[in-house]
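Following the hints, put chain V in place on chain F, whose structure we already have.
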Amino acid sequence: MTRRTQGLVLAFLGALLTRLSLTGEYERFVTTWMRWPLLVTGIGLVVLALPAALGVGGENGDHSDHGDHAHPGEEDDHGHRAPRSAWLLLLPGLVAFVVSPPALGAYLAERRASDAPPPAPTTVFAALPDDVTSDLALEEFLWRAQTDEGATLAGRDVRLTGFVSTDPDGNWYVTRLVIACCAADARPVRVRVGEADAPPRNTWVAVTGTWEKGTGTTRTSAAVLDAGEVTPIDPPEQVYE
Amino acid sequence: MTTAAPADSPPGPQRPRSRERWLGQPELVAAAILLILLGQSWISPLFDSERLATWCTVFVAVVVQSTPFLLGGVLLSAFIATVLSDRLLARVVPTRNVLAVPAAGIAGIGLPGCECAAVPVASSLIRRGVAPAVALTFLLAAPAVNPAVLVSTAVAFPGQPEMVLARFSASMATAVLVGWFCLWRGERLPLRLPTLAAEHGTGWRGYATAVRHDFIHAGGFLVLGAMLAAGVNTFVPTHIVDTVAGQAVLGILTLAVFAFIVALCSESDAFVAASLTAFSDTAKLVFLVVGPAMDIKLASMEAGQFGRAFAVRFVPVVVITAIGSAVLTGWWLL
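Protein chains in written order, with full-length UniProt numbering: chain F, 1 to 241; chain V, 1 to 334.
Here chain F stands alone, though its shape is the one from the complex:
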């Protein structure tokens, strides 16, 4: 790999990070706080790579003794030659630009379905109003169900949003994926929906209903929401919780 190619490869990777950060697509892959580190890294890589990619400043001065593509026959292990593995640096950009992978969805959630939700934090949950519908994050719903035998959920109308995933027994779930760092550590939080037909997998829905008493009070039992209404919605901007 010549010095100019090395520069191009690095600039391409830098451009990918810059683009993901600016377009907001990075939220499919990593947490929101990574936006600025990605932008800085992307621009940094481009700045670092440009002189090499444009063939500026390498052939004279410090580097005359190593002229890489000028004298291909003289290359050896001590030259500037990059390892073959460096070609792999093109791959993330190709995959991201060509395939443009979507945010993770039902496939991963169903794969990881046996992972239990995290234990409820030892906070005191405020009572929910009993006359209006409360929007709850799925994780909070699960935590409330685990706390005091679900006392704060009993008889309250709640609305949960997420995508549809299923299990082999024919149940369906309103589901979100929680990521701590990047999509590789995504774990599902899901609430089984009762008394409503399943929409197609991976569609985003808002489910309004009430908690089925006694479900989900331990970390290993599934919480159930008896649905009054299931409405399809647009995917939210921030797909992971």
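FYI, nobody ran anything at the bench for these hints, they're computed from the structure.
It is possible that some hints are incorrect.
Claimed, not checked - Partial pick of chain F residues on the chain V-facing surface, computed with a CB cut under 8 angstroms: (1) M34; (2) L88; (3) Y107; (4) D185.
All C-beta atoms, glycine included, are put in the ideal place defined by N, C-alpha and C.
Leaving out everything else, chain V in the frame of chain F:
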């Protein structure tokens, strides 16, 4: 997935090489056809779009998440290679290696980065004359015992502060023990280092060249590791993991293997460990100690940075030491 041949490979390969190719080609093609025929039932579902899309997402995510940390590590390593003076370096690193090993472990607390940052840093420390054992201890300790990791562990295991303590002690013990082991093996470690970045010159231009050089050398192996980790994340059936959860010894070994192949960032692995409720606390600790010390991504990067012969010996030593110290710590603390 194939890596393209380098564009600058010498034109007209020498005769022995070309003969080797002619012998190898039909066999390779035959083997490939055979593999496709035999593995069709396994391969074709991989191209089922949902799985492939998941692989792509996880793969890009791992690379995107790691690149800022890798660049940070490379900036630091190039700094060590080109800017740090020999006198300052000599003053910072204790002269007696037996003591320098635990000192390097403690110094690891100060680098709040992922594993990917530590590899080029350790490499440039060795190139600057720091004893390999000392640099490798730093490499093992830095991703495992820094404050960011300990805080995330505390958050993932609420009400279990002993988990944080156990993780810290077991990881530190692993780093120091492996360091002393390398010191004892000394010259017999087949360590091979890439080009000395410092010879790219001095000043700003030398620094920039060193950064680019180090990034190119480490980056490809990071991508390779990310490809493998994403593959495991997406394709390996999970019920294999679930069936052994209840058994003490098998559970520990399973989570050790799991930590090695999923290659999570050390800042996030505690959340995954906490979700593996079927496993014992000791098994979870093994997951937390093995992961930052050694995983498929790190092994790939270390093979690139220090040579394959070195990685083949270093990787099992680290994994076994990590399992051992985690099990002992778990038995004592959890």
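Problem - Unsatisfied constraints (hint numbers, rising) - result: Those not satisfied: there are none.
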